Every structure is written in structure tokens, then in C-alpha cells.
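Student: Line by line, the protein sequences give chains A and B.
Position 82, counted from 1, in the first sequence is what the working numbering calls 82; the numbers after and before it change by one each time, with no gaps.
Position 51, counted from 1, in the second sequence is what the working numbering calls 51; the numbers after and before it change by one each time, with no gaps.
These aren't lab readings, by the way, just hints derived from the structure by calculation.
Treat the hints with care, as some may be off.
What follows is a set of in silico ranges between Cβ atoms, one per label pair, in the way DEER data are often shown [as the list claims (entries may be wrong)]: (1) B:E116 with A:M1: 48 to 58 Å; (2) B:T48 with A:K31: 42 to 52 Å; (3) B:T28 with A:G19: 42 to 52 Å; (4) A:D54 with B:T28: 33 to 43 Å; (5) B:H127 with A:V21: 15 to 25 Å; (6) A:R68 with B:E13: 19 to 29 Å; (7) B:R97 with A:P30: 17 to 27 Å; (8) A:A13 with B:R62: 43 to 53 Å.
Simulated coverage check for chain A against chain B, where a stretch passes if three residues somewhere in it have a Cβ under 8 Å from a Cβ of chain B [to be verified]: (9) 3–9; (10) 17–25; (11) 37–45; (12) 68–78.
Keep in mind it's a predicted model, so treat the numbers as computed, not measured.
Beta carbons: idealized from backbone N, C-alpha and C, even for Gly.
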Amino acid sequence: MSRFWKWVAVSVAALLLAGFVFLSFMAGSPKDVYGMVRYAFPHMHRGTLKVGSDAPDARIVALDGVSRFHIRERTHERPLVLVFGSFT
Amino acid sequence: MGDVVQIYEDYKEHADFLTVYVREAHPTDEWQMKSNVKDDVCYAQPKTLEQRVLIANDFIKRFKFPLPFGVDDMSDAANDAYAAWPERIYIIDESGRIAYRGGMGPFNYKPEEAREWLAARYGAVKHKAAGRRNYPEAVSNGEGGNGDNASKQVPTV
């Protein structure tokens, strides 16, 4: 292996290590890096909605587990603050 | 969620609110956080709608969460439409358009930005800092919020 390619390999390894350390810091621990890459990244999307876009509709299930309603049913007379989240 | 509850208490006379429960962010069978164990918030990722509804109801009961609440169905339709996971806030105006688009959580989840939007329209509600709970102090210009909720407790998650 030429000296050039050795430097390339070392640089790439250093970048990967720096990325791993950075993600470990962001996620909390090296174990959390796996969780972030395996479970979080595939579900995180910036989306295409912008201010001024028509708000998309979606059918929502009520807390009784049976009734349904649509987001757009609640967007007529006043602004609707729409909060998405989960328990954990 | 404490910030959102406070915003709801401050502006529920002017705006409608809807919380939509989407797929879990840190379930026991995926990327569980130490804080989930510490807080005793341990759930597997729901595989059925019934499981999602059950967890959503647990959340409501545990924190006496006052906002109107719904559950995204198992097709994740709302989540996909709004790129909502793991947490995100939007404000839709009366014409049905996006008036505020919050950043993707957790790092860019900033309820205070939604508060600013509401404050610009209806007037700011100032609070005294009191630990993690806030209490209304005064209503400034504009229509203002409801100033009679000083005794209400705000769940903090």
C-alpha cells in the first residue's frame, strides 16, 4: 500500500472515530449510538411542509379506541395548535 | 410536555389544541433510555392500535394531561403527513394552512416558538418562574390569555 493510501485510510478511520465520539456525546453513550442509528434515524424526517402549505389531513383515533375524527375537522374557526409526541 | 400544557392554559380561549400520540420514541424493545427506567415509563413499541390507545390513556391519567388528545393509527398516517416523529409542533391557521412549523424533536422541539406565535396574535402572558411550574403573573397587550388559572397545577413530564 502506498503512503498516500495509508494516509487516506488513517484519515477515514479518524473521521469515523470522531463521528462515533460525537454521536456518543449527543446520544448519551456508545450503546445509545446504536439505538439512534438503528431506531431513530430511519424515522426522523424533516418533511416537506412549509409555512403557507395546505395542512394535510389525517384520520385520528379517539381515546376510546373506536371513534375517529379528522385533523381538518378542527381547523375552521380558530388556529389549531397541533402537538405530536409519545410517552417515552 | 409541561411547556405545552402551560401554553394551552394560557391560550385555550383563543386557539384549539390537539395532541396526537405517535409511535413511541424509546420503547423497551428498541432504543430505551435510562431516563425511561428512572421515570418508570417503560413500554414496548405498540404492535396494535389497542396497545397504542392503552399507552395514550396511561399517559393522560398519569399526568392528568388536559389537552385534547388523539392517537395516530397504525398506518402512521398523521406521522408521515407531518414528519412528526419523535415530537413536533405545528400551528394551522383558520384557512387550513401551516402558520407555524416547529423543528424536529428533540433538539429542535421548541414550544416557546409556538408560544411566540400565539403571543404575537393574542398578546403575551408573563409568568413568574417557580421551579418547573409556572404561574401567570399578568396579561400584556392584545386580547391576552386567561389570567384566572394561577392555582392550576401544570403536569411536568
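Student: With reference to the structure, classify each hint as holding or not holding.
Tutor: These are the hints, each one checked on the structure:
Our hint of 48 to 58 Å for E116 (chain B) and M1 (chain A) holds, since their Cβ atoms are close to 57 Å apart. Checked against the given bound of 42 to 52 Å, the beta carbons of T48 (chain B) and K31 (chain A), roughly 29 Å apart, lie outside it. Restraint check, T28 (chain B) to G19 (chain A): a C-beta distance of roughly 28 Å breaks the suggested window 42 to 52 Å. Against the hinted window of 33 to 43 Å, the Cβ-Cβ separation of D54 (chain A) and T28 (chain B) comes to about 38 Å, which satisfies the hint.
Our hint of 15 to 25 Å for H127 (chain B) and V21 (chain A) is violated, since their Cβ atoms are close to 39 Å apart. Separation of R68 (chain A) from E13 (chain B) is about 27 Å and conforms to the stated range, judged on CB atoms against 19 to 29 Å. Range check, R97 (chain B) to P30 (chain A): Cβ separation about 44 Å, and the 17 to 27 Å hint is violated. Hint check: A13 (chain A) to R62 (chain B), Cβ distance near 47 Å, so the stated range 43 to 53 Å holds.
Beta-carbon proximity to chain B at under 8 Å applies to 0 residues in the stretch 3–9 of chain A; the threshold of 3 is not reached and the given coverage is violated. Note: the stretch 17–25 of chain A has 0 residues with beta-carbon separation from chain B under 8 Å; the three-residue rule is not met and the coverage is violated. With 6 residues bearing a CB less than 8 Å from a CB of chain B, the stretch 37–45 of chain A meets the requirement of three and the coverage assertion stands. Residues of the stretch 68–78 of chain A lying with their CB closer than 8 Å to a CB of chain B number 8, which satisfies the three-residue condition for coverage.
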